[in-house]
Structure formats: C-alpha cells, structure tokens
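Could you build the full structure based on these sequences and the hints that come with them?
Position 105 (the sequence shown) corresponds to 105 in my numbering; numbering is contiguous.
Worth flagging that the hints you see were computed from the coordinates, not collected in a lab.
Keep in mind the model is a prediction, meaning the values are calculated, not measured.
Be careful, since some hints might not be right.
Unchecked claim - Here are the simulated lysine-lysine pairs, DSBU-like style, with alpha carbons at most 35 angstroms apart: (1) 81 with 121; (2) 81 with 4; (3) 22 with 81; (4) 22 with 4; (5) 4 with 260; (6) 260 with 81; (7) 22 with 258; (8) 260 with 22; (9) 4 with 121; (10) 258 with 4.
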Amino acid sequence: MNAKHLTGAGLGFRRELIPELKSVVPAAISFFEIAPENWIDIGGLPGRELRSFTERYPFVCHGLSLSIGSPLPLDEVLLHKIRQFLDQHQAVLYTEHLSYCFDGGHLYDLLPIPFTGDAVKYVAARIRRVQDILERRIAIENASFYLCAPINEMNEIDFIRAVLTEADCDLHLDVNNVYVNSVNHAYDPVDFIRAMPTERIVYMHMAGHYHAAEDLIIDSHGADVIDPVWSLLDETYHIHGVTPTLLERDFNIPSLSKLKQEVERIAQMQTQSTYTGYSHAHYNS
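Take a look at the structure:
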C-alpha cells in the first residue's frame, strides 16, 4: 500500500457516525482521528468496520491515557500495544496530551503538570522513552487547565517550548485549548500562538467548549466552535502556515451533515490562508 499523506481537514472517528460514513464520506474530510485505547483488542464487526476505513483513509491516533506527566512509571505494556495498533492500521501520526491522568488509578481528567525545570527534564525523558518504544516521532498537545500550580517556575509558553526542545518531539497545537486557557488565565491567545515554534507544529485541533462563567471556560468538545476560536485558527494559519487540522466532537454529537459544515469551514480557511512562508501541510507515514 502506498504511504498515506496527512493533509487538509479531518474529523474524529466516532462509532455513532459509522453508519453515515459507510454510506458516504464527505469530500471535505481528508483524514480521521481515533483514540487507540478505545479500539485496541476490539475485534468482530466493529474491528472490521474500523479496518475498512483505515485501509482507505489516513488516520491519526490521539492517546488518552499515557499520562506522560504522572509520577508513576510509564505503562510500557500499553505502549507496545499502541505500537502494534499503529503498525496494523498504518497510522500517520501519534499524539498525546502534555498532562497526566493516572496516579494509582485513572483520574478521569487531564491534569496540569507543574511548570518547573525538574518537570521539563522528567517529562522529556518519558517522551523520549515513548518514541523509542513506538519507533516513531510523536507530537505532544498543549492541554487546557483550570488552576496554576503554586510551585510554577515558568509560564506555559516557556514550559511547552522547553519540553519540545528537551524531548525533541513535535507539537500538536490545540487552538481551542489556547483560547480556553487565555480566558481562564487572562492572556492574549495570539501572543501565545505566535510564541509556538513553527518548525515543530505538525497537527492542530479545533473544538467547542462550555462557557461556565465570564472568566471560566470548560474544554468540553461538546458544542459548535465559536467565532473567536475560528478567528484564532485563521490567525494561526497566518502566523505558522496551514497544518492538518481536525474537528473534535466527543459529546452531544450531531449528524454527519452538521459536522461536515465545520470540517468544510476548516478546509475553506486552509485554502484561503494568506501565509506565504514554509508550510507544514503534509505529514507522511
């Protein structure tokens, strides 16, 4: 099979959408994304249905439970299963969250890592180990968070940049998470975007959120993308160039025809981007 190319706009692959996708995949959808933990060891009809799509479309695997910032050892059994899954389905890219979600048991949330020099070295060493086991370069996603650790030694921008450099990995830039954090922690989201290293950005996310209060946004992935986040994506393309971008929708999932409209908007913005420098629009498996 020819190598698959990650480009354009994508959609999260949800079981609820399989019946509609089996009928027709909208032209605007260039690739899909799945959480490998939700599909590893799944056989029968669901496994065959997944394989029928991974054979025809590029897939990104976006991890949920690696817990890269946890004080506990990496789950290397899980990592070897993920590697087999990536190989089996010829996944183009694997990404994970710059956070932790396990401490003797699953915490069912993505919790922030303290922004300290020791944490940079610790997390970067774990990312390097992950890349060694998976035998591929990975991308780490900037996470949404709601409280700042009192022991922080640096800001979020400096922490992310330091981890990327120390680990020598790529960046999965979640534009909605930048907007969410900019409201919750009162900073300029465009300044944050501009500070990210263009050469490491290989993938982006767009999503909706829940506006709980004037100064509190919950990253829910359960609503339509709002205009300020669309504007931030446009600015991101202008600053860094067009990068494969996925629409996340994990709750309150509407029909495929409704989701298609947002995917089409991403694709249209990519086509109309005014960026003229180096572009990260292609990622090859």
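Evaluation of the provided hints:
Proximity of residue 81 to residue 121 is assessed by CA-CA distance (about 26 angstroms); at most 35 angstroms being required, the pair is judged to hold. About 22 angstroms separates the Cα atoms of residue 81 and residue 4, which keeps this hinted pair within 35 angstroms; it holds. Restraint check: the Cα-Cα separation between residue 22 and residue 81 comes to about 27 angstroms, which is no more than 35 angstroms; the hinted pair holds. Restraint check for residue 22 and residue 4: the C-alpha separation of about 20 angstroms stays at or below 35 angstroms, so the hint holds.
Proposed proximity of residue 4 and residue 260 is supported: the alpha carbons are some 22 angstroms apart, at most 35 angstroms. Taken as a hint, the residue 260 and residue 81 pair is honoured in the structure, with Cα atoms around 32 angstroms apart against an allowance of 35 angstroms. Pair hint residue 22 plus residue 258 holds up; C-alpha atoms about 16 angstroms apart against a cutoff of 35 angstroms. At most 35 angstroms may separate the alpha-carbon atoms for a hinted pair to count; residue 260 and residue 22 meet this at roughly 15 angstroms.
Distance restraint check for residue 4 and residue 121: the Cα-Cα separation of roughly 34 angstroms lies within the 35 angstroms cut-off, and the hinted pair is therefore satisfied. For the suggested pair residue 258 and residue 4, the alpha carbons sit about 27 angstroms apart, so the restraint of at most 35 angstroms is met.
Of the numbered hints given earlier, the model fails none.
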